[in-house]
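Residue-level listing of the chains:
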Amino acid sequence: MSYLLKQLAREWRFLLRQKYLVVLLVCTFVMSGFAVFSGLSEVTQQKQTIERLKAADLTDLTNVQHKYEDPGSLAYYSFHLTYSSPSNLAFAALGERDIYPWKHRLNLLALEGQIYESDAQNAELAQAGKIDFVFVVSALAPLIVILLFHDLFANERTSGRHDLLVTTAKSYFALWGARIAVRLIAVIVCLMLPFYIGTLLSHSALADVGFVTFICVIYIAFWTALSVWWGKNASSAPRVASTLIGFWVLVAFIIPILGDLVINKTVHSPKGGDIVLTQREAVNDAWDLPKKTTMDAFVASNPQWKDHVDMQSEFEWKWYYAFQQVGDEKAGELSHAYRDAAHTRYQLAGIVSWFSPPLLLQRTFTRLASTDALAAFRYEYRMRGFHKSLREFYYPWLFIKGNPPKAALKNMPSFKKTMLNEMDEPEVTGVKLKENLSVN
Amino acid sequence: MSINNFSKVVIVAKDEWRYWLRSKLAMTVLAIGLVLTVASVIVTAITMMELSHTRHELQATSDKSFVDQPDRHPHRMVHYGHYAFRTPSPLSTLDPGIDAYTGNSIFLEGHRQNSAMFADSRQGTALTKLGSLTPAFIVQTLAPLLLILIGYSGISRERESQTLSYLLSQGTSGATLIAGKGLALLSVVALILTPLTISALFTLGSGEGLLAVASFVLGYALYLIVWVLLILLASSVFSKNSGSFTALAFVWILLCIVMPRVASTTASTAVSSAGKIETDFAVKAELRKLGDGHNTNDPAFKQFKQSLLNKYNVSSIDELPVNFRGLVASESEAKLTSVLNKFAEQRMQAELKQTQVSRYFGWVSPMVAIRSLSMIVVGTSIETHHRFLRETEQLRFDFVQGLNKVHVEKLSYQDDMNRNADTAATQKARVSAQNWQILQDFTFNVDSSKARAQRSIPAFLQLLLWIAVLLGGIKFVGRRLL
Amino acid sequence: MTTPTAINKTPPIEQKTFDKHVSNTGAALNDTMIEVSSLNFSIKNNAILKNLSFSVAAGEVYALLGGNGAGKSTTLKTLLGFNKPTQGSVKVAGKEVTQALDFVRGKTAYLPESATLYPHLTARENVEYFLSLADIKKSDEQINAAFNRVALQRDAWDRHMQTYSKGMRQKTAIALAILREAPIFLLDEPTSGLDPVAIDEFNQLVRELALTGATILMVTHDVYGACQVANRIGLLKNGELVGEYDAPQSGRIDTEQVHAAFGHHANRGA
Numbered sequence: 001m002s003y004l005l006k007q008l009a010r011e012w013r014f015l016l017r018q019k020y021l022v023v024l025l026v027c028t029f030v031m032s033g034f035a036v037f038s039g040l041s042e043v044t045q046q047k048q049t050i051e052r053l054k055a056a057d058l059t060d061l062t063n064v065q066h067k068y069e070d071p072g073s074l075a076y077y078s079f080h081l082t083y084s085s086p087s088n089l090a091f092a093a094l095g096e097r098d099i100y101p102w103k104h105r106l107n108l109l110a111l112e113g114q115i116y117e118s119d120a121q122n123a124e125l126a127q128a129g130k131i132d133f134v135f136v137v138s139a140l141a142p143l144i145v146i147l148l149f150h151d152l153f154a155n156e157r158t159s160g161r162h163d164l165l166v167t168t169a170k171s172y173f174a175l176w177g178a179r180i181a182v183r184l185i186a187v188i189v190c191l192m193l194p195f196y197i198g199t200l201l202s203h204s205a206l207a208d209v210g211f212v213t214f215i216c217v218i219y220i221a222f223w224t225a226l227s228v229w230w231g232k233n234a235s236s237a238p239r240v241a242s243t244l245i246g247f248w249v250l251v252a253f254i255i256p257i258l259g260d261l262v263i264n265k266t267v268h269s270p271k272g273g274d275i276v277l278t279q280r281e282a283v284n285d286a287w288d289l290p291k292k293t294t295m296d297a298f299v300a301s302n303p304q305w306k307d308h309v310d311m312q313s314e315f316e317w318k319w320y321y322a323f324q325q326v327g328d329e330k331a332g333e334l335s336h337a338y339r340d341a342a343h344t345r346y347q348l349a350g351i352v353s354w355f356s357p358p359l360l361l362q363r364t365f366t367r368l369a370s371t372d373a374l375a376a377f378r379y380e381y382r383m384r385g386f387h388k389s390l391r392e393f394y395y396p397w398l399f400i401k402g403n404p405p406k407a408a409l410k411n412m413p414s415f416k417k418t419m420l421n422e423m424d425e426p427e428v429t430g431v432k433l434k435e436n437l438s439v440n
Numbered sequence: 001m002s003i004n005n006f007s008k009v010v011i012v013a014k015d016e017w018r019y020w021l022r023s024k025l026a027m028t029v030l031a032i033g034l035v036l037t038v039a040s041v042i043v044t045a046i047t048m049m050e051l052s053h054t055r056h057e058l059q060a061t062s063d064k065s066f067v068d069q070p071d072r073h074p075h076r077m078v079h080y081g082h083y084a085f086r087t088p089s090p091l092s093t094l095d096p097g098i099d100a101y102t103g104n105s106i107f108l109e110g111h112r113q114n115s116a117m118f119a120d121s122r123q124g125t126a127l128t129k130l131g132s133l134t135p136a137f138i139v140q141t142l143a144p145l146l147l148i149l150i151g152y153s154g155i156s157r158e159r160e161s162q163t164l165s166y167l168l169s170q171g172t173s174g175a176t177l178i179a180g181k182g183l184a185l186l187s188v189v190a191l192i193l194t195p196l197t198i199s200a201l202f203t204l205g206s207g208e209g210l211l212a213v214a215s216f217v218l219g220y221a222l223y224l225i226v227w228v229l230l231i232l233l234a235s236s237v238f239s240k241n242s243g244s245f246t247a248l249a250f251v252w253i254l255l256c257i258v259m260p261r262v263a264s265t266t267a268s269t270a271v272s273s274a275g276k277i278e279t280d281f282a283v284k285a286e287l288r289k290l291g292d293g294h295n296t297n298d299p300a301f302k303q304f305k306q307s308l309l310n311k312y313n314v315s316s317i318d319e320l321p322v323n324f325r326g327l328v329a330s331e332s333e334a335k336l337t338s339v340l341n342k343f344a345e346q347r348m349q350a351e352l353k354q355t356q357v358s359r360y361f362g363w364v365s366p367m368v369a370i371r372s373l374s375m376i377v378v379g380t381s382i383e384t385h386h387r388f389l390r391e392t393e394q395l396r397f398d399f400v401q402g403l404n405k406v407h408v409e410k411l412s413y414q415d416d417m418n419r420n421a422d423t424a425a426t427q428k429a430r431v432s433a434q435n436w437q438i439l440q441d442f443t444f445n446v447d448s449s450k451a452r453a454q455r456s457i458p459a460f461l462q463l464l465l466w467i468a469v470l471l472g473g474i475k476f477v478g479r480r481l482l
Numbered sequence: 001m002t003t004p005t006a007i008n009k010t011p012p013i014e015q016k017t018f019d020k021h022v023s024n025t026g027a028a029l030n031d032t033m034i035e036v037s038s039l040n041f042s043i044k045n046n047a048i049l050k051n052l053s054f055s056v057a058a059g060e061v062y063a064l065l066g067g068n069g070a071g072k073s074t075t076l077k078t079l080l081g082f083n084k085p086t087q088g089s090v091k092v093a094g095k096e097v098t099q100a101l102d103f104v105r106g107k108t109a110y111l112p113e114s115a116t117l118y119p120h121l122t123a124r125e126n127v128e129y130f131l132s133l134a135d136i137k138k139s140d141e142q143i144n145a146a147f148n149r150v151a152l153q154r155d156a157w158d159r160h161m162q163t164y165s166k167g168m169r170q171k172t173a174i175a176l177a178i179l180r181e182a183p184i185f186l187l188d189e190p191t192s193g194l195d196p197v198a199i200d201e202f203n204q205l206v207r208e209l210a211l212t213g214a215t216i217l218m219v220t221h222d223v224y225g226a227c228q229v230a231n232r233i234g235l236l237k238n239g240e241l242v243g244e245y246d247a248p249q250s251g252r253i254d255t256e257q258v259h260a261a262f263g264h265h266a267n268r269g270a
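As you go down the protein sequences, you meet chains Y, C and H in turn.
Following the numbering used here, the numbering of the first sequence begins with 1 at its first residue and continues without gaps.
Following the numbering used here, the numbering of the second sequence begins with 1 at its first residue and continues without gaps.
Following the numbering used here, the numbering of the third sequence begins with 1 at its first residue and continues without gaps.
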């Protein structure tokens, strides 16, 4: 044991004397630190935004409830905040949250007309991509590993030291083993240390941290093994690195890009614009259609209200909301196809990512942090569920009971309550979610 | 430089080419580079043309369905609304920029400013998070790597094999040697830029301005020249091939992979921009003061009512020769729009400020500089999206107010007030479908090529500064090659 | 050629170190330490070494002489265990190299041709690093003594080696070899690129090492250098041993044959 430590200690001192290795390691640490720091501040900003929105939402809702008595106006003017909070691990993998929305305000109007609005951040910044921990590990770490290990053998060969080193060393491990181990440990520590600090600050679950550590170490070990193996018999360091970087370009860029092209060609999806156009046509045509047509269509899917659809005047809120829902139902098929296509694409991308280790890592990581497309789909699913509970709340007042007393408004559903009700639900997996998406 | 010197430079360059032609690695790299560039040019051109076609078509459908609506109450058409689609600029076949990241269609209706919907990236596979097969990505990110792989040993190789001192002792000056190697690399740059240039010239046919095309090609040429100079510098400074290679690879990682992301992350952390939902609360608070345009009894319109009665010298709104409800709708729409615009403008300014911060990183990374330059010149930058938002807002305001005018002039107040009494009354409270012709055909056009070129000047300056500094550095080491 | 002043400059031999050295090796004078018999080595049916046999005893300096491509380096690499013999046996310190690699490497000190140690370390740091690799602990005094023995000037000991001349690098490498206390020395073109003074110093050192019982095998293309220092010379041509000469001081080497050997290869190389 002490012999082993002695070898490691010697190679550690030796590493510290090689300036470019130290520069490389320091840069790794700085980049990982920056990624974790900016990830933490991004997550804090998101959380603060949600808190501010919650407060403003409550004030707004209270105002509306003061101002209006009838359920129609209440439903028209009451907007309800929905949101998807970043998980404790989100700081390390910001994922798709800059592309998919994570906050929305909904009212009782047709959902398909509301749900596609994007409250996205600055598109030009989203296009450049953010630097987060998972990016540093998945995309940068391989390059750093390549730079650290590609000349392990070649450098000694070109300098004519290789044979002397090998014949001097007491064993193979004492030399190469110790050198590889020290560089590997150093790069892992430089990468992971900021992450651990981040997990402490964000109170991440220990199991998650353990799992992340596990996959990161495996991933970095993979690139190390590849670099060492490829460089073992080579005598030209740049040649080794060229091929390795070429391989990196292949798995990080080329394979995913080709996969993306193929998936987009094979999976057909309705155009988003068509969904909203269909929905809008349905809603607007309803004004000119006989009321009965709308109400019949409404009753077909909501039989419990069939005795309450008669109208006394040319405009009644119940009719107004009925044709909103009928509009949603008309667009339902397109909307399902649209969501299914997105989901199929996500799943096919999963197959492609098996050929691209960097993307596989990103995928695993963002899944763990619930910041991937699946999490976004789930949020949309929840919004749909919430809209349903809004309808269930308002319809009795709209169709039968008339103006709700102020006390009844306390039972108005809130997104938070719907989320709490879901807590017992088993964690939604990809397949399960797909079923769920088709239900609503 | 004398003729004699120049011919020496050409000889050095030719010799470098001979070395590449005999090196499997260099030839592979060159072939891959060209295949990727050509493939990206073709694939992106097809995709963007399809997109452009689809959006034109959707726009036409939307225009048609608006004017094809039957006789209706005019305010119903205000809520029926209209769609505007952002058709991509001709040059965006080379750099789609933010096209996939912002919604490309927007629903225009009364009393609201909606945000753009259906960003393509949300239907994506997330596979292209690191890079996409666009000419912009290939030339900005991968071309420098290819140049490095081909050129890293240009001078260090001569030094390592000790031919450098031989060459220098034969009367070839250091500057000539570097210039020759540079010329060889420049010919590679020209090779990479050829498909890009041809494709850019094609866009002239679809109405793109010459200035934009020229700026685009020049920008990319300058960018790749920066890399050629970086390679020459590293190759001259380092005594060993491996040193030159490692340094260049590291610089590439920093400038091309890390910096753009550091720039965007820093920008979004440094300048916070509230989302639309959040500003909507402030908008709503301000709007509440304006009153509800649907409700003529809203106390907010009391003063407006009085001024109208005074103007037409009548005692009640029933006696007004025009439809009071329409007037209130028009009046409130105007006020509301000015509030909405104020907040929209604030949001756009915040976004612009963020973008500005990220663009400052162009001084430290030529990749950031060319990225901004390319998107600005092509017309797929945030400014273009803002222009789209402003133009569609104008379109929205015009058609809504057009309809309100119809409401005021073509529908009597009495019919309007009775509209919900019975089916016959509802039928009466309508205007002819002829009036829907007020909608103007909307085609989104990007800023003029001159405006875009002007906007890209800072990015050009950033690239030129890089070139100047690197030339200085090379001149310095060129005198001390041995 | 001999420069008396240079030899005089060499510091007195430290008897203590030498005694220890001899006792450590456990080899008595004249024991056979390197034994190559019927060695054949080929790469893809291309015979590089053909039926090569020679042996070196403790206290002996054996020079393997030959032109470019004669197979000198291949022989050396086989002794170091980098090449596996196609046929025949290579024994070092009584053991077959391929079967006891770590043992053999522990018994040999190898001096590569362009003895480049780590340029970013000082001579002392280099020596310490390599000794640690071999799992040998030496005090500062012992390292100083070795530097003195190889006549490395004192002011260079703690200087980065990138400032060293070739001769100084060579001296450091020899100091390292001595400090390893290996009974067998394998020297690859040890005098190429050295100035005459340095060559004399080096030859002197090699003879001293041999006197203390070290086994020394050097490969070289320097005929005259070999004559000055070696007890025996083996002439290698085309992978074959074409002649062996005892103690050149006692008799003249067959220049005809030497020239033939070199000339042949020069032609082949052209």
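These aren't lab readings, by the way, just hints derived from the structure by calculation.
Please note that the accuracy of each hint is not assured.
Derived BS3-like pairs: lysine-lysine, alpha-carbon spacing no greater than 30 Å straight-line [to be verified]:
{"id": "1", "chain 1": "C", "residue 1": "Lys353", "chain 2": "Y", "residue 2": "Lys67"}
{"id": "2", "chain 1": "C", "residue 1": "Lys428", "chain 2": "Y", "residue 2": "Lys410"}
{"id": "3", "chain 1": "Y", "residue 1": "Lys292", "chain 2": "C", "residue 2": "Lys284"}
{"id": "4", "chain 1": "C", "residue 1": "Lys405", "chain 2": "Y", "residue 2": "Lys103"}
{"id": "5", "chain 1": "Y", "residue 1": "Lys417", "chain 2": "Y", "residue 2": "Lys292"}
{"id": "6", "chain 1": "Y", "residue 1": "Lys388", "chain 2": "H", "residue 2": "Lys44"}
{"id": "7", "chain 1": "C", "residue 1": "Lys64", "chain 2": "Y", "residue 2": "Lys271"}
{"id": "8", "chain 1": "C", "residue 1": "Lys64", "chain 2": "Y", "residue 2": "Lys67"}
{"id": "9", "chain 1": "C", "residue 1": "Lys24", "chain 2": "Y", "residue 2": "Lys232"}
{"id": "10", "chain 1": "Y", "residue 1": "Lys170", "chain 2": "H", "residue 2": "Lys84"}
{"id": "11", "chain 1": "Y", "residue 1": "Lys291", "chain 2": "Y", "residue 2": "Lys388"}
{"id": "12", "chain 1": "H", "residue 1": "Lys44", "chain 2": "Y", "residue 2": "Lys6"}
{"id": "13", "chain 1": "Y", "residue 1": "Lys54", "chain 2": "C", "residue 2": "Lys353"}
{"id": "14", "chain 1": "Y", "residue 1": "Lys47", "chain 2": "Y", "residue 2": "Lys292"}
{"id": "15", "chain 1": "C", "residue 1": "Lys240", "chain 2": "Y", "residue 2": "Lys232"}
{"id": "16", "chain 1": "C", "residue 1": "Lys64", "chain 2": "Y", "residue 2": "Lys291"}
{"id": "17", "chain 1": "Y", "residue 1": "Lys170", "chain 2": "H", "residue 2": "Lys137"}
{"id": "18", "chain 1": "C", "residue 1": "Lys410", "chain 2": "Y", "residue 2": "Lys67"}
{"id": "19", "chain 1": "C", "residue 1": "Lys24", "chain 2": "Y", "residue 2": "Lys291"}
{"id": "20", "chain 1": "C", "residue 1": "Lys305", "chain 2": "Y", "residue 2": "Lys416"}
{"id": "21", "chain 1": "H", "residue 1": "Lys44", "chain 2": "Y", "residue 2": "Lys19"}
{"id": "22", "chain 1": "C", "residue 1": "Lys405", "chain 2": "C", "residue 2": "Lys335"}
{"id": "23", "chain 1": "Y", "residue 1": "Lys401", "chain 2": "H", "residue 2": "Lys166"}
{"id": "24", "chain 1": "H", "residue 1": "Lys166", "chain 2": "Y", "residue 2": "Lys232"}
{"id": "25", "chain 1": "C", "residue 1": "Lys284", "chain 2": "C", "residue 2": "Lys24"}
{"id": "26", "chain 1": "H", "residue 1": "Lys95", "chain 2": "Y", "residue 2": "Lys6"}
{"id": "27", "chain 1": "H", "residue 1": "Lys77", "chain 2": "Y", "residue 2": "Lys170"}
{"id": "28", "chain 1": "H", "residue 1": "Lys84", "chain 2": "Y", "residue 2": "Lys67"}
{"id": "29", "chain 1": "Y", "residue 1": "Lys67", "chain 2": "C", "residue 2": "Lys335"}
If you're wondering where the values come from, they're calculated on a predicted model, not measured in any experiment.
Hints and how they fare:
1. C:Lys353 with Y:Lys67: violated, 39 Å
2. C:Lys428 with Y:Lys410: violated, 42 Å
3. Y:Lys292 with C:Lys284: The hint is violated at about 36 Å.
4. C:Lys405 with Y:Lys103: violated, 37 Å
5. Y:Lys417 with Y:Lys292: violated, 36 Å
6. Y:Lys388 with H:Lys44: violated, 77 Å
7. C:Lys64 with Y:Lys271: Within the cut-off at roughly 18 Å; holds.
8. C:Lys64 with Y:Lys67: Answer violated: Lys64 of chain C to Lys67 of chain Y is near 40 Å, above 30 Å.
9. C:Lys24 with Y:Lys232: Judged against 30 Å, a Cα distance of about 21 Å means the pair holds.
10. Y:Lys170 with H:Lys84: holds, 20 Å
11. Y:Lys291 with Y:Lys388: Holds, because 23 Å separates the two Cα atoms, which is no more than 30 Å.
12. H:Lys44 with Y:Lys6: violated, 42 Å
13. Y:Lys54 with C:Lys353: Roughly 27 Å separates the two Cα atoms, so the pair holds.
14. Y:Lys47 with Y:Lys292: Not OK: Lys47 of chain Y and Lys292 of chain Y at ~47 Å, beyond 30 Å, violated.
15. C:Lys240 with Y:Lys232: holds, 20 Å
16. C:Lys64 with Y:Lys291: holds, 26 Å
17. Y:Lys170 with H:Lys137: Roughly 13 Å separates the two Cα atoms, so the pair holds.
18. C:Lys410 with Y:Lys67: violated, 33 Å
19. C:Lys24 with Y:Lys291: violated, 77 Å
20. C:Lys305 with Y:Lys416: violated, 44 Å
21. H:Lys44 with Y:Lys19: violated, 42 Å
22. C:Lys405 with C:Lys335: holds, 16 Å
23. Y:Lys401 with H:Lys166: This hinted pair is violated, its Cα atoms lying about 102 Å apart.
24. H:Lys166 with Y:Lys232: Roughly 28 Å between the alpha carbons, so the hint for Lys166 of chain H and Lys232 of chain Y holds.
25. C:Lys284 with C:Lys24: violated, 66 Å
26. H:Lys95 with Y:Lys6: Cα-Cα ~29 Å, so holds.
27. H:Lys77 with Y:Lys170: holds, 18 Å
28. H:Lys84 with Y:Lys67: violated, 94 Å
29. Y:Lys67 with C:Lys335: holds, 22 Å
Comparing the model with each earlier hint shows violations of hints 1, 2, 3, 4, 5, 6, 8, 12, 14, 18, 19, 20, 21, 23, 25 and 28; every other hint is respected.
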